[in-house]
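Chain B: place on chain A using the hints.
What follows is each chain in one-letter form.
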Amino acid sequence: MLALFAAGCQTEYHAYDTRVEGTCGIHARNIPRIERSCSGKRTIRFAVISDTQRWYDETVDAVAAINARDDIDFVINAGDITDWGLRAEFERQRDIFERLKVPYVVLLGNHDCLVTGPLIYRKIFGEPDFAFTAGSVRFICLNTNALEFDYEGVPDFGFVEAERSAYPASCNRTIAVMHASPVSEQLNGIPAKLLHERLRSFPALQVCIHGHGHGYEVCDLFDDGILYIQNDAIVKRNYLVYTVTEKGWEHEKVDY
Amino acid sequence: MRKWIISTLAAGLLCSAGAAAQGIGGAAQTAAKEEPGQRSADSLHAANGQAIAPDSDRVVRLLEGCLTEPARFRPAVEQRRHADYRGWARLLPTHCKLQYAGGMGVASIGFGWDYGRRNQWETDLQIGWLPKHYIGAGEGRPIVTFRESFIPWNIRCHRQLGIEPLSCGLYLTFIAGEEFWMQEPQKYGGPYYRFSTRMRAYIYVGQRITWYSRNPRSLLRSIGFYYELSAKELDLLAKCTNRELSIADIFYFSFGVRVQLMKP
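Protein sequence lines, in the order shown, are assigned to chains A and B. Positions 1382 to 1637 (the working numbering) are the ones given, in order, by the first sequence. Positions 701 to 964 (the working numbering) are the ones given, in order, by the second sequence.
Next comes chain A alone, as it looks inside the complex (with noise of 0.2 Å):
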């Protein structure tokens, strides 16, 4: 009788233990999908949400919200998808965010990276610096937490020029992809304009889109035209859907 309860029911040795049940290795997975998908389009359309820790309904919600659709290509979580960085809210984030229809990737936020976040993150998703390529543009996914590692390898500036030097012949325009901006706390060891001014030497850097803030907020932050895009919390009901066409780019925000 034990051991079927034993089978039927979750265990946990502790709220921290890097147990993962369930997928993983979705990046691996997704990626290729992405690529695939979006291979030879002139026009890509995706949606970002971010900071979902916590808020559960909402992320369902989202995500039922972005299925009806059928004019996305593919869906970016900039980061926080934990308030806790417990084992069982990255399962149950996961969970919600398999249902899309569409592919998906989902950053490293600072929230994911308290105790052992990072190495669950890592085996859930992947590698929390990552980059892929939709149609013609290049995405940069970068870790921005640095403030959860000590500054120590974060922002990982070697991963930025490997990727720079290895830059796809294919591409030729670039989206940056972070969970906090340059600006944030989480980077105040760093001098901001330093991440900046790596980003830039990407092919035609179009925007940078980022969360953690839990506020929508458009910034030219260092005054040179590239936009900084903060998406609300998903507690505020919205997605933001970006447009990029071979003329620029532009976002809309959707509430659901």
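It is worth saying that the hints were derived from the structure and are not from the lab. None of these values were measured; they are calculated from a predicted model. You can trust all of the hints, since none of them are fake.
In silico PhoX-like cross-links for lysine-lysine, where the CA-CA straight-line distance does not exceed 25 Å:
| no. | chain 1 | residue 1 | chain 2 | residue 2 |
| --- | --- | --- | --- | --- |
| 1 | A | K1617 | A | K1634 |
| 2 | A | K1482 | A | K1504 |
| 3 | A | K1634 | A | K1482 |
| 4 | A | K1422 | A | K1634 |
| 5 | B | K832 | A | K1504 |
| 6 | A | K1617 | B | K939 |
| 7 | A | K1628 | A | K1422 |
| 8 | A | K1574 | B | K887 |
The following block gives chain B in isolation, referenced to the frame of chain A:
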């Protein structure tokens, strides 16, 4: 599957708690006739007019009786009293536990005290171990747990078998390791996350079944098996604001063995 089992367990808890409530009346009458502290299992059964079954088929008859003949096998609330201790010896732990999971490590071992008028209260101290494999560190982490339990009823439906249809309580776990904090590190420059990663608080409900030694002076007075369904405070907080989270999502299963120790 998981939701079904949780529902079944919850129904079981309710049904058996109801049965215990029915049993209290008879037990209270019995208790009134006897001197507290002098009652033995035998006298309890005699008071209930219940014959002691021969060894053969005892368990079968007992279970049949509990299920089909409630009048004949009227359950009584066992006095969890064990007044053999005197003086300072009362400070000795009264039982040991070995538990699997429950946020206390893969396994935890500990001891505790039961007390109260009918020994319906228990305080436990458990030490558990989380192997390095589950924490991603160079070595495993010990976890210390303080648990306070309330066990309102013990239905002694047989000379050697008791059922505790409800145990419930709270426990706090503390995990060692420099990556955990009680108060947030200085680097945040003040309140930032506003919670402790080192300490977790849980509530739990569970049930127990206990097999009593036939020798009342045995050191090993009884051995019991229990299970618990526990939820941590952070999940309860999340449940309050999310319909999407079900009860089955936030409760975790654990089980263990409890050994009642007595002075020989």
